[in-house]
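J.: Residue numbers (this note's numbering), protein chains in the order written: chain A, 3 to 269; chain B, 2 to 320.
These are computed hints drawn from the structure, not numbers from a lab. Using N, Cα and C, we set each Cβ at its ideal position, and we do this for glycine too. Mixed in with the good hints there might be a few duds.
[As the list claims (entries may be wrong)] Just some of the chain A residues that point at chain B, by a computed CB distance under 10 Å:
{"hint": "1", "residue": "159"}
{"hint": "2", "residue": "163"}
{"hint": "3", "residue": "164"}
{"hint": "4", "residue": "166"}
{"hint": "5", "residue": "167"}
{"hint": "6", "residue": "169"}
{"hint": "7", "residue": "170"}
{"hint": "8", "residue": "172"}
{"hint": "9", "residue": "174"}
{"hint": "10", "residue": "176"}
{"hint": "11", "residue": "181"}
{"hint": "12", "residue": "184"}
{"hint": "13", "residue": "189"}
{"hint": "14", "residue": "212"}
{"hint": "15", "residue": "231"}
{"hint": "16", "residue": "235"}
[Unchecked claim] Sample of chain A residues lacking proximity to chain B, with all beta carbon distances greater than 10 Å (derived):
{"hint": "17", "residue": "86"}
{"hint": "18", "residue": "114"}
{"hint": "19", "residue": "134"}
Here's the letter readout for the chains.
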Amino acid sequence: MRVWLPLGAGLLILAALLVMAAVPDLLTPYDPLGFDYEALLAEPSPAHLFGTDQFGRDILSRTIAASRIDLQIAVFAMVGPLLIGSVIGLLVGWFGGWADALFGRLADIVVTFPFLVLVIAIVAVLGPGLINMYIAVACVGWVVYAKLMRGEVRVQRSADYVAAGQVLGFSTGRVLLRHVLPNAVRPVLVYAVTDMALAILLGSSLGYLGLGAQPPEAEWGVLIADGKNFFTTAPWISLAPGVAIVLAGLGFSLTGDGLQALLDVKR
Amino acid sequence: MSIVLQANAVERRFPAPRGLADLLLRRPIRAVHALSGVSIAIEAGETLGVVGESGCGKSTLARCLVRLIAPDAGAVMFEGQDIATLRSSDRLRFNRAVQMVFQDPFASLNPRMTVGAALAEVLRVHNIVPDADIPARVLALLDQVQLPASAAGRYPHAFSGGQRQRIGIARALAMEPRVIIADEPVSALDVSVQAQIVNLFMELQERLGLAIVFITHDLRLVRHMAHRVAVMYLGRVVETGLTHDIFEAPRHPYTRALISAVPSLIPGQARADAVRGELPSPMAPPPGCPFHPRCPIVMPRCASDAPSLINGVSCWAAG
């Protein structure tokens, strides 16, 4: 019960997000790019549930249309660090030695910088845009995954079933991929789900700052930034995308926590 | 009888971790002397029992024999070759011939693999049977260790300790080995289950002609199943010989103490000279004979000169 409630709520939110991203055209009440000069900066009303912006575009429709980009950010900003970090963590955890020592120092250096500051610095060098943002996140984010994976691998490495694999004449690659990895990967995957919440926050932060998704692309952070000039007169412009970010973040967090609790109980 | 596996004067130390203070104070590197020159030979088809207190180096010896740990000095010889020098196909041939059963049945099986998959993996990697025959062989292996065919589809957590140890044995048997090194294979099990596993080992030996190195601290098990015994103390073999001789006429004072310490079921029988004192730290083994601080028949010479294993016993008093 304790496990299923957060997990169910989280999965429900994620399912809604997924539907929005998959078929936005079926859900949007208006064309998200359609101007309506009859209803500029209209307050929330039955016709426009979350109001309109300065061009009369329906905020709800724009928020739904933006979910595709934000979901994409959640996935891509997680997958890169996950893959790079897992491979590095697996190798340094297994082989140890100087590579492990080098990794330890490098990880210390990276985690010393505030995450967002480092990402912004890298994006500033590479130039704004989604692709460059993914690159920047991968450059910084892999460290957390690598540390997690390394720790798990070091625990598994001393287990007798690994020794058994060596006595059975299995190659190092087989022992690593077929035996160590499946036993070490679970906490890493659980973290990855939670990390998607952070990825969405990061993506919208950078979008807001103009470093992530670029304006014709509707992204929640960009939408919030659009509304900031009208914040005193028409705060609803930023409200709907803001709520969307909170809900999406909540969805990933709840799912991650639920998965963790679920898997811990079984152990 | 032909010797299949042999340890020649194997030594192994494990250096203790050094802290910054050790480095600054230039303390000497300290090390646990797990094995200080152990020689044993395993003959085809026999059971060699290796006994000793915990900390005497039994498990290190087991791991040296299967090449999990490399000796610092000495060598483990397989078919006349040092196993440390074996490469690629020779090494796989060694792995196939010499298998291990581990002490902890809960740690020695991959929890993410079904029993059938784990056995099939061994068969496939080493091409032991053609792919088409793998399922049948898996069932045959399970049958050999008296597990039902339904075990193949289940994960290790579904089994009890004794059943898991059977799975571990089946996995070793999948390699069609000539020698099985069993490192305390029953010490984690209930006494009633211990007997079943020990009998399984004896049965398999009879049927398959396996040589077994049975490592244990339980003398009763050794007496029950071993043809020959090696008694270890602080990283050395102090006495070795035929099981019957060792139990009827132990020559080393440590062996005598061990045997008299076995609880007897006959009431009124006195328990004479149990070993005095504690096992010395393997970090700082005593000079001379390692047993002299606890020995009931210690002589002045024992504190300075270490006796070597002559005629199966390593004691100045044994002449």
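J.: Hey, does the residue 184 of chain A contact hint survive, CB to chain B under 10 Å?
T.: Where the cut-off is 10 Å and the nearest Cβ of chain B is about 4 Å from residue 184 of chain A, the hint holds.
J.: Test the statement that residue 114 of chain A is away from the interface with chain B: the closest C-beta pair must be farther apart than 10 Å.
T.: holds (22 Å)
J.: Tell me if the interface restraint on residue 172 of chain A is satisfied: Cβ within less than 10 Å of some Cβ in chain B.
T.: holds (6 Å)
J.: With a cut-off of 10 Å on the beta carbons, see whether residue 163 of chain A makes it to chain B.
T.: holds (5 Å)
J.: Can the hint on residue 169 of chain A be confirmed by a CB-to-CB distance to chain B that is less than 10 Å?
T.: This hint holds: residue 169 of chain A lies near chain B, its Cβ roughly 5 Å from the closest one there, short of 10 Å.
J.: Does residue 235 of chain A pass the interface hint, meaning its C-beta sits closer than 10 Å to a C-beta of chain B?
T.: violated (59 Å)
J.: So, as I understand it, the hint says residue 181 of chain A touches chain B; can you test that by seeing if any CB pair is closer than 10 Å?
T.: holds (5 Å)
J.: A closest beta-carbon separation below 10 Å is what the hint needs, so does residue 189 of chain A meet it against chain B?
T.: violated (14 Å)
J.: Mind checking the CB of residue 174 of chain A against every CB in chain B and telling me if the closest is under 10 Å?
T.: Interface hint status for residue 174 of chain A: violated (13 Å vs cutoff 10 Å).
J.: So, residue 166 of chain A near chain B? Judge it on the closest CB pair being under 10 Å.
T.: holds (5 Å)
J.: For the restraint on residue 159 of chain A, tell me whether the closest CB of chain B is nearer than 10 Å.
T.: violated (12 Å)
J.: Is the Cβ of residue 134 of chain A farther than 10 Å from every Cβ of chain B?
T.: Its Cβ never comes within 10 Å of chain B, the nearest being 38 Å, so this holds.
In summary, the structure is inconsistent with hints 1, 9, 13, 14, 15, 16 from the numbered list given earlier, while agreeing with the others.
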